[in-house]
Structures are given as structure tokens and as C-alpha cells.
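We have chain Z; now place chains S and C onto it with these hints.
Chains Z, S and C, in that order, give the protein sequences.
Position 388 of the first sequence, counting from 1, maps to 388 under this note's numbering, and the rest follow consecutively.
Numbering-wise, this note's numbering comes out as the position in the second sequence, counting from 1, plus 438.
Numbering-wise, this note's numbering comes out as the position in the third sequence, counting from 1, plus 728.
Mixed in with the good hints there might be a few duds.
As the list claims (entries may be wrong) - Label-pair restraints from in silico Cβ distances:
| hint | chain 1 | residue 1 | chain 2 | residue 2 | range |
| --- | --- | --- | --- | --- | --- |
| 1 | S | F635 | C | Q791 | 48 to 58 Å |
| 2 | Z | D126 | S | I489 | 30 to 40 Å |
| 3 | Z | K169 | C | F989 | 57 to 67 Å |
Claimed, not checked - Here are the computed lysine to aspartate or glutamate pairs in the DMTMM-like style, where the Cα-Cα straight-line distance is at most 25 Å:
| hint | chain 1 | residue 1 | chain 2 | residue 2 |
| --- | --- | --- | --- | --- |
| 4 | Z | K77 | C | D861 |
| 5 | Z | K42 | C | E792 |
| 6 | C | K736 | S | E486 |
| 7 | Z | K335 | C | E789 |
| 8 | Z | K145 | Z | D289 |
| 9 | Z | K97 | C | D861 |
| 10 | Z | K274 | C | D781 |
| 11 | Z | K42 | Z | E314 |
| 12 | Z | K274 | C | E769 |
In short, the hints are calculated from the structure, not lab data.
Backbone N, C-alpha and C define an ideal beta-carbon position, used for all residues, glycine too.
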Amino acid sequence: MGIKKLFGAACSLLAFGMVSSASAETLTIATVNNGDMIRMQKLSEDFTAQNPGIDLDWVTLEENVLRQRVTTDIATKGGQYDVMTIGTYEVPIWANKGWLVELADLPSDYDVDDLLPAIRGGLSVDGKLYAAPFYGESSMVMYRKDLMEKAGLTMPEAPTWDFIAKAAKAMTDKDNEIYGICLRGKAGWGENMAFLSATANSFGARWFDMDWKAQFDTPQWKETLTFYVNLMNEAGPPGASSNGFNENLALFQTGKCGMWIDATVAASFVTNPKDSTVADQVGFALAPDNGLGKRGNWLWAWSLGIPAGTQKAEAAQKFVAWATSKSYLEMVAEKEGWANVPPGTRKSLYANPKYQAAAPFAQMTLESINAADPNNPTVDPVPYVGVQFVAIPEFQGIGTAVGQQFSAALAGTVTVDQALQSAQQLTEREMRKAGYVD
Amino acid sequence: MATAKSNVAARIMISPAVLLLLAWMLIPLSMTLYFSFLSYNLLSPGMERWIGFLNYEYFLTDPAFFSALTNTLILVLGVLIVTTIGGTLLALLLDQPIWGQGIVRILVIAPFFVMPTVSALVWKNMFMNPVNGLFAYVAKSVGLPPFDFLAQAPMLSITGMVAWQWLPFATLILLTALQSLDREQLEAAEMDGAGPFSRFFHIILPHMARAITVVILIQTIFLLSTFAAILVTTNGGPGYASTNITYLVYSQSLLQFDVGGGSAGGVVAVIIANIVAIFLMRMIGKNLEA
Amino acid sequence: MARAVNNKRRAVVTLIAWAVGIAIFFPILYTVLTSFKTEAEAVASPPSFLFFDWTLENYAEVQERSNYFLHFLNSVVISLGSTVLGLIIAVPAAWSMAFFPKKRTKDILMWMLSTKMLPPVGVLVPIYLLFRDASLLDTRTGLVIVLTMINLPIIVWMIFTYFKEIPGEILEAARMDGANLWDEVVYVLTPMAIPGIASTLLLNIILAWNEAFWTLNLTAAKAAPLTAFIASYSSPEGLFYAKLSAASTMAIAPILILGWFSQKQLVRGLTFGAVK
Chain Z
1 MGIKKLFGAA
11 CSLLAFGMVS
21 SASAETLTIA
31 TVNNGDMIRM
41 QKLSEDFTAQ
51 NPGIDLDWVT
61 LEENVLRQRV
71 TTDIATKGGQ
81 YDVMTIGTYE
91 VPIWANKGWL
101 VELADLPSDY
111 DVDDLLPAIR
121 GGLSVDGKLY
131 AAPFYGESSM
141 VMYRKDLMEK
151 AGLTMPEAPT
161 WDFIAKAAKA
171 MTDKDNEIYG
181 ICLRGKAGWG
191 ENMAFLSATA
201 NSFGARWFDM
211 DWKAQFDTPQ
221 WKETLTFYVN
231 LMNEAGPPGA
241 SSNGFNENLA
251 LFQTGKCGMW
261 IDATVAASFV
271 TNPKDSTVAD
281 QVGFALAPDN
291 GLGKRGNWLW
301 AWSLGIPAGT
311 QKAEAAQKFV
321 AWATSKSYLE
331 MVAEKEGWAN
341 VPPGTRKSLY
351 ANPKYQAAAP
361 FAQMTLESIN
371 AADPNNPTVD
381 PVPYVGVQFV
391 AIPEFQGIGT
401 AVGQQFSAAL
411 AGTVTVDQAL
421 QSAQQLTERE
431 MRKAGYVD
Chain S
439 MATAKSNVAA
449 RIMISPAVLL
459 LLAWMLIPLS
469 MTLYFSFLSY
479 NLLSPGMERW
489 IGFLNYEYFL
499 TDPAFFSALT
509 NTLILVLGVL
519 IVTTIGGTLL
529 ALLLDQPIWG
539 QGIVRILVIA
549 PFFVMPTVSA
559 LVWKNMFMNP
569 VNGLFAYVAK
579 SVGLPPFDFL
589 AQAPMLSITG
599 MVAWQWLPFA
609 TLILLTALQS
619 LDREQLEAAE
629 MDGAGPFSRF
639 FHIILPHMAR
649 AITVVILIQT
659 IFLLSTFAAI
669 LVTTNGGPGY
679 ASTNITYLVY
689 SQSLLQFDVG
699 GGSAGGVVAV
709 IIANIVAIFL
719 MRMIGKNLEA
Chain C
729 MARAVNNKRR
739 AVVTLIAWAV
749 GIAIFFPILY
759 TVLTSFKTEA
769 EAVASPPSFL
779 FFDWTLENYA
789 EVQERSNYFL
799 HFLNSVVISL
809 GSTVLGLIIA
819 VPAAWSMAFF
829 PKKRTKDILM
839 WMLSTKMLPP
849 VGVLVPIYLL
859 FRDASLLDTR
869 TGLVIVLTMI
879 NLPIIVWMIF
889 TYFKEIPGEI
899 LEAARMDGAN
909 LWDEVVYVLT
919 PMAIPGIAST
929 LLLNIILAWN
939 EAFWTLNLTA
949 AKAAPLTAFI
959 ASYSSPEGLF
969 YAKLSAASTM
979 AIAPILILGW
989 FSQKQLVRGL
999 TFGAVK
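This is chain Z alone, in the form it adopts within the complex (with noise of 0.2 Å):
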């Protein structure tokens, strides 16, 4: 019985394929395995409803082994996708080398003007739309208003790192696994060195001077790799050095730490009842400042691009203007409520009451996406762009190696001083390999 019901599951399956490769269009989409995107692949029966034509095959993939499989294959004109999840850091560089096609045929009622503008920028080159994004997102602290009661303290709406470091050293309780903060302690561009690269900011410290100089070996570095290390590993939880964002969302559900600075869109998870267990108790703060101007947050946003070599363009931008549209917001808060649509990408969202009442979030969001400016990301001048990653190809390489010697400073194998006079030296030898400096 069981083999014959696998038999006839596998005939029919091959009668399927057969049949729809004859008669349709089959889009590739490569995309994270984040919960809005799973969310939106659910969904996508609305699409292919609305479009008899189009069948979608999903390729849902980690988010590291998604950016080296797209990366790769747009890179050598392979062809295998039609539509491609990226974020503001690919964007520029790929639209550069005209590898995505322009969204320029988006329908009428898609209303690119409601983009959020600081959004808009990030995915755009010339004034032109390469990606259209699916979900914005910046960084803010998320805290559990009772523990804080508990330790009696306020949190203030714009916190200061000071403040944040004497909290979470009351709000720490490791007999019962309270742990007053929780980080990013991956190694990875987009783990460790996104909070990292933003905090740094807020410190006064960048990346590069205008020659391209690597400034590990400033003491704005030091102070801030120092302040990061000291406060993890009084107030942290074991094993901080290969939390990423999963990992420490999960944390956070689960009710063991106190306070979390991550991404603006963690808030509709963490806030969830069906899987956070303190749902009720959540507050929002927007990123800590230092007092020199710069607040620690980024900017971010997961898009849809679609690569030039793909012969089904036009059937790829319906369904981006599909995922991206206004109606999509609406099908999802229709269907899940509307604390769960994809945030940080529409003006007409926040104006939304029903979204404010929805998402206490929402406010608090908004402020952070456009508290944070790319083109302008650090105390003194800079020769890049972005907030917490530096918009040049190189540095996908160069952050996971760098994150790769913070994160030893954190799990305590190497000292801050070390670990910043490694990644001092091998951002100099990949940038003198690469050509910037001689």
C-alpha cells in the first residue's frame, strides 16, 4: 500500500512536471528562508491564479548558501534563476555591472512613489529601480518591559550605550538564565559585522578614511570591540560567539534575554503569541547613541531583483510587482493579521491606522529606517557607501574575515588587541591585493 501510493505519487509527479514545462512558464526564485518568505511562497497560489501562464518553482535556501548561489551563478551567466532575493548591498555593485534588468514596466497601481524614500535610494542607481523590496528593515533595541520594572529602570526612547550597559548588567540573572543582553556574535558580513559596523558607527569609528585605509588601529575601533566584548561577556549568554540573528531571536522568545539590538523586523516575531512566550511584555527603544551624533542602526532591505541574462523577464516582473504590491500587504493582514505583513517598505503602511494599532512596532520602525543614512553613515567622511557593510564587491570577504577575528575576541581564543591588529592587517592585504592602496 505504501509503495503504491509512493509509485503513484512519484507517476503523477512526473505527469505534472511533464505537462506544465509544456503548456507554462516556470519562474525560478531563489529566496531566504525567513519567515516572510516563506510566508509569501504560501501565498503565491494568488499569484498563479491570477496568472494561468506562470508556474513557480522555489529554491528556499539559508541566507548564506543563497547569497554564494546567486552570487555565483548571476556572476558566470548561469542562468538557473529568474528571480533573485538580494539586498541594498548587492543592489548597487550588481546593477552597476548591469547584471538586473530595470524595473521599468511595473503596472500602474504598483505606486513606486510610496516607496519609503531612504529604501528607495539604497536599491536604486541613477535614479533608477533595480530591486523592488519586500521587506525594510533597520536595527533597534527590543527589551521585556518586565524585567526592566524588575531591575527598576526606565528605558528612555533613545537610549545611550552607557545606559544600555548598566541595564543589562541589573536586568542579568544567569542562576535562572536571564541574560541582560543578547548580540551578534556570528561570524559573517551580514551577522557580527552588521551590528558591529553600525555600533562602530556610533562611536565614531568607520571603516576606511578617504584614501581607503583600513582603521582597525584607531582606539574608536578599540573602545568600541572593548565596550562589545566587556559587556557580552558580563551580561551575555554562553555561546554569544555563534549566535546570528536565528539564534538569537530564538533566544528572545524563549524568554532569556533582557534586551535585544537587532533588526526592526524581528518585532512582529518577538511579539507573536503563537511563538514568542513573551509576547505581552516587549518594548521598543531606537538604537543607542554614544553622543557623537550617530545612532548604531542600519539599513537593510530583502528585494527582488531579477538577473539580465533571463528570458522570461517580463513574467518575472509580474510577479515582482506581485510580492512587492500594496494588495500583497493587504492579502497578507487579510490572511494573518496585519501585524504580520512585511514592514519597511510603504509610506501608505504607516499611515495605515489599522497597521498602528496592529503593530506597536510600527512607530518605533519607521523612525529607525529613516534615523539611518547610507550615503552619510559615519562621524567623519567617508569614500563608501552604506551603513554596516562598505559597497564595494570586495567586502563580502573582508567582513566575514574580520567578523571571523571579533568573534574569536568574543569566545575569548584571541584579545581585542589581537583580533583588531588581525583584521588591521588582512584589510590591508586585500585592499593592496585588490588595488585601492598600493
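Frame of chain Z, contents of chains S and C only:
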């Protein structure tokens, strides 16, 4: 009479395998060799230019290179030691008359069937995670602070994980060898008053030498290019603490998209693999003389 | 008296063997159990082993998100295809090496094995480019080719060692009786090497099923096997132990069951010439 004809037949029969493998090896390898002399970043196509040995210079002076070399050796040797010793002990155990031998054998060989990715994911998340993992729970329940395996002892943890996967393989081969041992010889030795240790070292171990050789050879082949276990668990970190040569080449070519540098690393890795291969063949090739 | 001692000894050994066996198997067992828990229960402290609310929701969720049967089918086609193709190429080569050894035969064998030591990642970009030009990206054919080449050395070696054990006189006798080369291989040699071939077949199916580098890097959607399926559960947002466990169980169950059912055949031939 048949020799001339058979010799021709023999050549014809072996050639597809040899030619295919030769092509499989030479074509990509010569491309890799060519790339290794170029400045070739995947993200800047059309900008390739000849830079001589610069890629090699950078790869060999990379601070990560030395740790990668040591880590590769630690991993290979560590897993070999654990699996040959553990495999021998397990084989001796399973060779005893026990109740339910079939089921125990099924339990013991199971890890060999598990995908390396799955194994790494399960160990990392459900066992070694210092907050939610089972080991942390055990540590806490006996009053110890949870140990952060992948940050504090990355190589040891990865070695353990990989050894768990290869232990069954070693056990199976060693058990088969053990079972082919002449029982009368053992009994005769026992009559002569040889104790269990003396029997083990003078009769059993020499008999199993060949099988141990085979285990070492095959496992080395697979262990030199261990990758999934590192990618999934530590990404080579913290620092370079768990970066092996394969992972270093991977991070050069697919994280930094520096195809030139990655290719130089690939060529270096090929040379290292060949040194190990020659060494292995010399050392144990004799043992395999049929 | 001696019997009683024997039984006592046997009981002790049995106890030890079972304890060791269960310890080794435990990670797999725990994964399977976790796949039936809710996410909250999967990280609960203290962990529960049998007494929790069993649920199938993780399997439903996984099936809703990914097309398990497609990945499963791809895995079957790829591992079976590459193994059979490998055998077709390897049997003649092994025959030639076993019965017509030359001075260089051993060198050739060792060279073949050494090709397996090369790190695949070193040649990924060249292979990717070649596959792109040959339109082999994301096709089962492409993966069958790659996995055949990767496992060919092991197949040749295994078959070679089995052939080696067959006394040449038998073949000679057959030849005397007028058997030609074809008859010799098909009617005399192959039946005698069946256990060895079966074992080679099984081992290579296992190796191909679990190969995770090429299968992940050369596929997208259509030809992606179970190794790619598992990659989408590796580190999603929020709690994921239960879903990860369900996906893991689904990915390893087919090969685990095959392995258990055929373990006698697998073990019988798994000697690589180590047993005379």
C-alpha cells in the same frame, strides 16, 4: 595463444575508466591552474589579467594558511585514531556471543547512513548548543556551567562529530576481518596459557593489520576534504580555529569570490593531497599487495 | 557450571554492547523523537523523551513548504543512476586489472584513488562554467555524471578486490570449454562476484545519496535532491528544532531503512580486499 588477444581486450576494457577519470581530473585542473595565475574576481568579470605567482604568494602568506594546514592534520589524524581504536574495540565487543546481536549491529552502523549535513545540524543545535542543547541540560543538572563546545573547543567538537559518522564504517570492516580469524589458532594459544592481552597483540592484531590499513586509506581519502561539518557548525571559526584547507579554499573562492586566489589555494590543496597520497601509498601500499 | 559462567558472561557482554549501541544510535533516535514534538516542547527543559503530546504538525509544515517527493525522486535517480553507470564503467576495468595485471596496474589503481583526495571546491568554478556551457546545470544528467566520476575510483577498487579473490583457473577452465570473453564475464565471473557487486552497489548508493557539495552547488529547483531540501531548514527564523528534526528524519529515513534491510549484503562485501 590467447594472451595477445586478451591483452588487447584488457587494454580496451580498462581504457574507458582511465580516460574518463583522466579527463575529469585534467580538464578542470588545467582550468584551475590557469585561473590561479590570473587576477580574477567573480564579481568583476572582464577584468581578468595575468599576475604571475601573486595569488600563490598571497595564499601561502595568508595568516589562515598555517592554521588550516594544522587543522587539516588534526582532523584527519584525530578521526583516524578515534575510529580505528574505537572500531577495534567495538568489533571485539560485537564479535562476542550476545543476545540481540543483529539489533545492536543495526544500531551501531546507523550513523554511517546519515547525511553529513544532517549530522552536523543535529549535533550543533540539539546537542552542543550551550543554551538549548542536551549536553547543556546534562551539565546544568549536575551543577556545572554549560560548556560552549563550538566556541571553546571547535576542532575537538568537529572531530567528535565526524568520528561518530565514520566509526560504524571502521567497525564493520574490522568486524568482518575479525570474523575471518581462525578460531582454532586462538583456542590453541589459550591452551598454551596466553592471556587475553597477549592473544590480542600476537594473534588478533596482526590478523587485522590489513583491514586497519584499508580503514586508514579510505577514511583519509574522505577526511581530507571534510567540508559540510565545518560549514554548518562553525564556518571555520572562531577566528581560524576550525578552518581546514578545503574550507579555506571555499572561503577564498565562494565567500570572497576571488577565483584567482581560490584557484591558487586549490592547486596548493591538490599538491598537499598528492603528498599525503604518496606518503600513504608508500606506507601502507605494501600491506595491500595482493 | 561452565554454562552458568558462560551465560553470566554473556549477559554482561550483552548489557555493555546494548548500552554502547544505544549510545551511538541516540542522536538519531532523539532527532526522530523531536520531530514529533511542538517547537516549544523541543527546547523545553527538562527535555521530554516519550511523554509529550505527539504531533505531526512539523511534517505537515515541511511538506507544505517543500516538494519532498520531487527531492526524494531526484535523490533516487541520481544515486541509483550514478552507481549503475559507475558499475558499467568499472566492471571491465576491474576485470582487466584483476586478470591481466601489468607492472603499472597498482599505480593506476592508486592514481585513481588519489583523484578522490582532491578538494572538490578547488574545481567548482571550472566545472560550473563547463556545465553552464553544456546546459547541464540543474539537470539530473549533470549530477549523475559528476557523482559517477567522483565515486568511480571506489567502485573500481571494490570490484577489483572481489575479482582478485576469484581463482584464475576457473576462468581458464571456462575458456578451455570454449567460452568466449562475453560468456566468461557474464556467466562465470559475474555470478561469482555477485555479493561483492551488491555490496559495492549499496555502498555507492549511500555515498551518492549523502554527497552534499556538488548536489547543492550544481542544482537549483528541478534536479535538487534531498541534500538541497535540508539546506532550507538549516537556520530559519525563530524556533526550528522540531521542523529541522522532521526534515532531517525525512531526508535520512529512506537510506537508513535501505541500509538496515540490506546490511547483510552490505557487510558481506565491505572488505576492500582486507580479508583473505
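Structure versus earlier hints - violations, ascending order: Structure breaks hint 6 only.
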